[in-house]
Amino acid sequence: MCLGIPGEIISIEEDDQQMRKAKVRFGGITRDAYLDLVPDAAVGDYVIVHVGFAISKVDAEKAQQTFDLLEEMDKDNALSG
Amino acid sequence: MNLFPDCPLPLSEYPRVLLAHGGGGRLTQSLIEKMLLPSFDNPFLAPLHDGALLSFGEQRLAFSTDSYVVQPPFFPGGDIGRLAVFGTANDLAMCGARPLFLSCALILEEGLPMEELWRIIVSMKEAAQEAGVQIVTGDSKVVERGKGDGVFINTSGIGAVLPGVEVGPQRVRPGDEIVLSGPLGVHGIAIMALREGLSLDANVKSDSAPVFPMVRALVEEGIELHMLRDPTRGGLSAALNETARKSGVGMLIEEERLPIGPEVQGVCEILGLDPLYVANEGNFIAVVKEGQGERAVEVLRRHPLGKEAVPIGRAVPEHPGTVVMRTRIRGERIVDVMSGEQLPRIC
Amino acid sequence: MRYLDEYRDGAAAQKMLRQIARTVTHPWTVMEVCGSHTHALLKYGIDQLLPDELTLIHGPGCPVCVTPVEIIDQAIALATRPDVIFASYGDMLRVPGSGKDLLSVKAEGGDVRMVYSPLDALKLARENPDKKLVFFAIGFETTAPANAMAVFLAERDGVDNFFMLTSHVLIPPAMEAIAAAPANRVQGFLAPGHVCTVTGYTQYETLAAKYHIPIVVTGFEPLDLLQGIYMLVKQLEAGSHEVENQYARSVKREGNPQAQALIEKVFEVIDHKWRGIGVIPASGLRLKGPYARFDAAKALAVESPPSEEAPVCIAGLVLQGVKKPVDCPAFGTACTPEHCLGAPMVSSEGACAAYYLYARREETRA
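Chains as they are written, first to last, in my numbering: chain A, 1 to 81; chain B, 82 to 428; chain C, 429 to 794.
Hints listed in this document are in silico derivations from the structure and should not be mistaken for laboratory results.
Hints are not guaranteed to be accurate.
Claimed, not checked - Keeping only pairs whose Cα atoms sit at most 30 Å apart, straight-line, the calculated DSSO-like set for lysine-lysine is:
#1 A:57 to C:560
#2 A:23 to C:693
#3 C:559 to C:534
#4 C:701 to A:21
#5 A:57 to C:559
#6 A:21 to C:551
#7 C:680 to C:693
#8 A:62 to A:23
#9 C:534 to B:115
#10 A:62 to C:443
#11 C:559 to C:716
#12 C:726 to C:716
#13 A:21 to C:693
#14 C:534 to C:662
#15 C:528 to C:680
#16 C:559 to B:228
#17 B:228 to B:206
#18 C:662 to C:693
#19 A:75 to C:551
#20 A:75 to C:443
#21 A:23 to C:551
I would like the entire structure built from these sequences, with the hints used as guidance.
If you want it as structure tokens, here you go:
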């Protein structure tokens, strides 16, 4: 129940319903998404979008953790031969 | 336990035709195999290939038909007319035949702007020139407003099978290599990006185009073609599954090899669509004799439409009739036929 | 696509798998609650790549699958009305009620429309003031804020022809029901990453402590799932029962406060029936206060015939993880994606559909 896709905020505007709407780029396409649930999201940020709403801002530092773990695994395995 | 005893009406599970029956997946197959095939029963229809192969003395001909109901009728990269010409020409090419003559039957809805009709006709003329075919006979009918969705086009075509070429599921052998001539999903996504309810800024243009020149190039370079299939309705999955099923071989394809452009990937991700099921135009799969895959790709890449040609897998003796894909993380999963229409999902 | 493709790297996945294999010394049974997790595990073939000692049980985290058949029947009854435009996400259109599904209603002339967002549904309501627009608001906590926003705006702007037929369910009560069941074999949970993006995971900490069961909040790409499983296995091997957050790039412990505030404003928690499982206390949401008038079930009198399930369908047992789809006598024969008897076969992330689509092992075993 969780199709949430990361995309980059390209531009932000207020629409005619006073909602905070952004153009978000996903790979090679852009689509609108509402930012009302992530008020601190700004142009250039990545957000996770679900049914037309951004539900979180992607934390780039935390995103790195998975790859840090992989590097650690390499080191451990190199040590243990 | 027999939950569904025999019923004279073959599709009693669905008392009415559903959109899914036109999706190119299982329900479409079901319609064809339970109702059409047994009714029209004859050896030319039975193979259920893209076209029928007919012989007149020495000359082998391919004969094919297709109807075009695409909405909206005008889309980036083309229109219904262009699609109608290239689509049928390509069905003939998939029989290993040079497309020669097309018929064109129009069903027009009362109220269709004349300007649009003219654009479509001009487009068909240009497409016919590009494909090297002549539209030699036709028909037009008008139905009342509200009964026709603008314009429906049927084109039927005749082509001359190239000498020495025999393609069909019966020729596919384990070990054969599967080559894909171009990127996946472009046409289907171009259409989807326009449809009501989707506000995408995708600059994706339909890649509808005649593929015969690529087929001819393969033949001229001596590639032994066993099977040709264009992955239109139902996508790559339908094309591979039908081939696997009818030929009785299994197929193994590599996810990492599949050419999927960033726009197609983007749209598929956000709508929850699988690019394997998205309709294509302007590309095809060729099942070639073992050992010839690399050469086939080389030949295709010399052609402007084949620049992204790639070998995607091979026919295998295991799991006959089933298509398996090795995922990018080296697991394996079955690529099944879509049951109906692929629906965008939120989950 | 950034934050997606790099989590699908084959070499990295193989590394994680090897690490998991090195860490496992004991058989463990874990459950991934979320249907999107099930879908991803099978789509990438991860289930076969994991060591045999690990048993994965697929949980009831498919909101489509668990929508009670009575609500589907109500949806069908509403969609059939000539004064109604019925808007729904694609997932729900082929779920069978007692008799037919929404797509059949469409084929019979009902105005059934697929939408990609609840605000699309609200827009349809504004554009068609002479009709009643009923939106089928299903989902877990992930979708609740968006659905809440639609009702909030409808109330703010007086869009009186907008209605919602809701079947909103909550994950932690379901997990508790599973953990508390006497026959429970689940020793660890992968918790849904997008649900937790909205709610945070403090409720899960309570569960972990109460039932001594480790929980890892996990994302949806192959590397996320593998890392989540690795973290869970490490805890199991060490005998710990903490809540860990694998999906930290999206999930914060406190979740999304704006989203939570909106849900709190518009919805109240109620007992809710889960299809195939039964009533789980405090596991659903209902519109409250000034928003209750948008509740389709209350505002639009719906008469549907008594609801019944196909007797052979074991969806309930599959959803609880007690049986696998392949154990069902109807799997692949009387029940297929073309002709479904139960919701887990229809929904793109239902366990039965995932098995049918990706993993019919018998035929593919070389």
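Hint-by-hint comparison with the structure:
1. A:57 to C:560: Outside the cut-off at roughly 36 Å; violated.
2. A:23 to C:693: The given pair, whose Cα atoms are some 28 Å apart, holds under the 30 Å limit.
3. C:559 to C:534: With a Cα-Cα distance of about 16 Å, the restraint between residue 559 (chain C) and residue 534 (chain C) holds, given a limit of 30 Å.
4. C:701 to A:21: Outside the cut-off at roughly 36 Å; violated.
5. A:57 to C:559: violated, 38 Å
6. A:21 to C:551: Holds, because 15 Å separates the two Cα atoms, which is no more than 30 Å.
7. C:680 to C:693: The hint holds at about 21 Å.
8. A:62 to A:23: holds, 24 Å
9. C:534 to B:115: It holds: about 24 Å lies between the C-alpha atoms, which stays within 30 Å.
10. A:62 to C:443: Holds, at roughly 20 Å.
11. C:559 to C:716: holds, 24 Å
12. C:726 to C:716: holds, 12 Å
13. A:21 to C:693: holds, 22 Å
14. C:534 to C:662: Violated - the C-alpha atoms of residue 662 (chain C) and residue 534 (chain C) are around 50 Å apart, more than 30 Å.
15. C:528 to C:680: Not OK: residue 528 (chain C) and residue 680 (chain C) at ~42 Å, beyond 30 Å, violated.
16. C:559 to B:228: holds, 23 Å
17. B:228 to B:206: holds, 27 Å
18. C:662 to C:693: violated, 40 Å
19. A:75 to C:551: Violated - the C-alpha atoms of residue 551 (chain C) and residue 75 (chain A) are around 55 Å apart, more than 30 Å.
20. A:75 to C:443: holds, 12 Å
21. A:23 to C:551: With Cα atoms ~19 Å apart, residue 23 (chain A) and residue 551 (chain C) stay inside 30 Å; holds.
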